[in-house]
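Letter by letter, the chains look like this.
Protein chains: 2
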Amino acid sequence: MNINYSTAAKHLGSSAVREILKLTQGKDIISLAGGLPGEDLFPLEAVREAYTRVLSSDNTVLQYGLTEGYDPLRDKIAGRLSAQGIPVSSSEIVLTTGSQQAIDLLCKIILDPGDAVLVEAPTYLAALQVLSSYRADVHTVTSDEDGMLPDDLEDKLRRYRPKLLYAVPTFSNPTGATWSEERRIKTVELCRRYGVLILEDNPYGEITFDESEGAYPLSLAAIDRSYNGGYCVVYTGTFSKIVAPALRTGWIVGDPELIRTLAKAKQAADLHSSTIDQRALDELLQGFDIGNHIRLISREYHTRMKLLSTELSSRGWEGAHFREPQGGMFLWLTLSQDINAAELLPLAVDKGVAFVPGEVFYPAQPMRNTMRLNFTHTPPQLVPLAVQRLEEALIMYQQRLLI
Amino acid sequence: MNINYSTAAKHLGSSAVREILKLTQGKDIISLAGGLPGEDLFPLEAVREAYTRVLSSDNTVLQYGLTEGYDPLRDKIAGRLSAQGIPVSSSEIVLTTGSQQAIDLLCKIILDPGDAVLVEAPTYLAALQVLSSYRADVHTVTSDEDGMLPDDLEDKLRRYRPKLLYAVPTFSNPTGATWSEERRIKTVELCRRYGVLILEDNPYGEITFDESEGAYPLSLAAIDRSYNGGYCVVYTGTFSKIVAPALRTGWIVGDPELIRTLAKAKQAADLHSSTIDQRALDELLQGFDIGNHIRLISREYHTRMKLLSTELSSRGWEGAHFREPQGGMFLWLTLSQDINAAELLPLAVDKGVAFVPGEVFYPAQPMRNTMRLNFTHTPPQLVPLAVQRLEEALIMYQQRLLI
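Chains as they are written, first to last, in the numbering used here: chain A, 1 to 403; chain Z, 1 to 403.
Everything labelled a hint here was simulated from the structure, so no lab data went into it. Ideal Cβ positions, reconstructed from N, Cα and C, are used throughout, including at glycine. Errors might be hidden in some of the hints.
Stated by the list, open to error - Simulated crosslink set (DSS-like; lysine-lysine; CA at most 27 Å straight-line):
id, chain 1, residue 1, chain 2, residue 2
1, A, LYS264, Z, LYS76
2, Z, LYS10, A, LYS186
3, Z, LYS10, Z, LYS351
4, A, LYS22, Z, LYS76
5, Z, LYS27, Z, LYS264
Said to hold, decoys possible - Listed next, the stretches of chain Z that the computed footprint assigns to chain A, with coverage defined by at least 3 CB atoms under 8 Å from CB atoms of chain A:
id, segment
6, 45-52
7, 100-107
8, 145-152
9, 182-188
The task is simple: from the sequences and hints, build the whole structure.
If you want it as structure tokens, here you go:
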């Protein structure tokens, strides 16, 4: 039978990262490609104990739950967010299947085909996939290392009348960059003035390499809530990076009416996410010092980032440069102008190392001489070898250019 | 801020069942309204042991998983379906967050606004909500107790050129009805001839009250796969009713290319569902006799259905009638023509019993003198009291009619 797909299906891109993972399957590859946290740091024992406690309760734990999610966990998330400067009540929170579902559901209730959306470039690939599936008209706001440029933002707010601005302002995927406080304030102010919703995607914000007081960057949501009258920022976070991804528990926070509408969309989408996972996280937050765990993984990721940074710097590749991220999971490497990282990739895989070519993170006009390197998943002792293999691939690439 | 929602959001209905649950909160109500399995029958101990075994493995169990779901569980589902006459390989299966997500994702990849979809009336409420959110043009095929009428089906296939036919042909929600084999064959044949996809939603099929050999109804998917050349049936099932809903694990089976497209949609929607839940189910299927468990709950549900049936019959309400379902979770009660069940509901809640008015299950032209009664969740000893309260509400309703 010939299947006649919807227009949305025709706009579903295949993920470049998945294609890369296929390339690497069954081979002795050191992968800096995946966006994976370090498995060795997962608090497996505490997680196991939490599930055991949850399932030692009565049979009602296995029944259907509320679409909005398990209430005590929503309360705890509200408490944690309030402590981070985002005063919310649990009724302003819906739990989702990872923050990916939060992005999808928000786009579903906000975007009609052709609606304009502003993003940074490069930005989170799977958000671009969602925007494409809703056939949004995606425009890039010019950014520097401190965030979106206010003049360009205002110009594009005027010109495109967007419905949504999407950003990962803290330890971004893919670049690791963090917006300055000044730019954060300016962005919220402009979006409020033009009545444009912001989706602040903050999966990495708590993984900071600076342990000093006040190092935690002020979120757009916190700035927004310091104003009177309505919210323009919708905020999403997840336990995937601070506990573990397999529990698939994220959250979305926003204007109460918007959150009610989003809950209706979630009800149609899947009734609710796993309450066993949500209850286990609620249990975990009671007995386990999550603050200490986050400090522990942040320190270890800092060490791993430094190791990768040192290895890359020591090579002195002509034209290559990068900035050390202050947190998160990724380092963004720019190579010499004449190198196309997508064409470099198969050579690198042949040599035994994988990365994500930077071009996939751009909605348009990609910088092809860039790549995203993950530093959290690869065992530290393999990092020098990974960089060595990358160098071998670069040498082979340059030789081909000369032929 | 004034939020400008998408057209899809404007088409998200609020669930009548949720509104009823709100009515009943905090009161001494016997609810026959929810679509809940009996909590007392959940295999909590076996589930706990399964989670413990999964989480006694190494740290990789907490890492991101495949969008399609945990491979060994897909294999086991393929094995179970093959034993039920649907020969599939695991590559034709995607695991979803309950079968609700399967319905949503299939609609997402198939339906554009205005596309025609054929359904029975009454049919599953949350499927109607999904169809509405994709702005499908929903048409009803006339049915009798054996399923859709072939002449009317063919007429509507010709007239509306639908993209999809949605049905719950076995122990339906809300009616409990089961299609005859002849009608199943005819429906598949006609849809194949007109090139129309069928979504066979089968959450209840294994909960059969007839234990004789061959009592298991032939699924539309099994019939479809007896033809050569392509599949027209997409099939969805779930562990929610045969193990427990909180694990939120369903599956969707279909044409391999369609399943690949659906996996792409799922990737954008939430990356993947909880792998901990999926692994726990995989463990459960190894050590636990699920066939025996399904027989056990089916027998108990049969007893509970008989109890409700006997209580209702013994009342002899004028004009009231119903057919005993042969399986599943629901009994569909038709009252005297002059009774509007939605108007009866607040009186019933006052008396201490709740049900779902039948009208919410119709896309149009509802039969207002109908109601859906769930017989699986209420403790058996409360059923006589529930029916007694329903009678008191009916008496009060009739008295009002007389005033």
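Original post:
Between A:LYS22 and Z:LYS76, is the straight-line Cα distance small enough, at 27 Å or below?
Top reply: holds, 24 Å
Original post:
Within the segment 100-107 of chain Z, is the number of residues with a Cβ closer than 8 Å to a Cβ of chain A three or more?
Top reply: This one holds; 3 residues, not fewer than the three required, reach chain A with a Cβ under 8 Å.
Original post:
Between A:LYS264 and Z:LYS76, does the CA-CA distance stay at or below 27 Å?
Top reply: violated, 33 Å
Subject >> Outcome, coverage hint (the segment 45-52 of chain Z, chain A; C-beta under 8 Å; three residues) >> reply: n = 4 at 8 Å, threshold three: holds.
Original post:
Within a Cα-Cα threshold of 27 Å, do Z:LYS27 and Z:LYS264 meet the stated pairing?
Top reply: Since the Cα atoms of Z:LYS27 and Z:LYS264 sit roughly 45 Å apart, the hinted pair is violated (cutoff 27 Å).
Subject >> Proposed proximity, Z:LYS351 with Z:LYS10 (alpha carbon, max 27 Å) >> reply: violated, 35 Å
Subject >> chain A over the segment 182-188 of chain Z, status - at least 3 residues with CB closer than 8 Å >> reply: Our answer is that it is violated, as 0 residues pass the Cβ test (under 8 Å) against chain A, missing three.
Original post:
Between Z:LYS10 and A:LYS186, does the CA-CA distance stay at or below 27 Å?
Top reply: Since the Cα atoms of Z:LYS10 and A:LYS186 sit roughly 32 Å apart, the hinted pair is violated (cutoff 27 Å).
**OP:** Closer than 8 Å, Cβ to Cβ, for at least three residues: run that test on the segment 145-152 of chain Z against chain A and report holds or violated.
**Re:** With 0 residues in contact (Cβ-Cβ under 8 Å with chain A), the coverage given for the segment 145-152 of chain Z is violated.
In summary, the numbered hints that this structure violates are 1, 2, 3, 5, 8 and 9.
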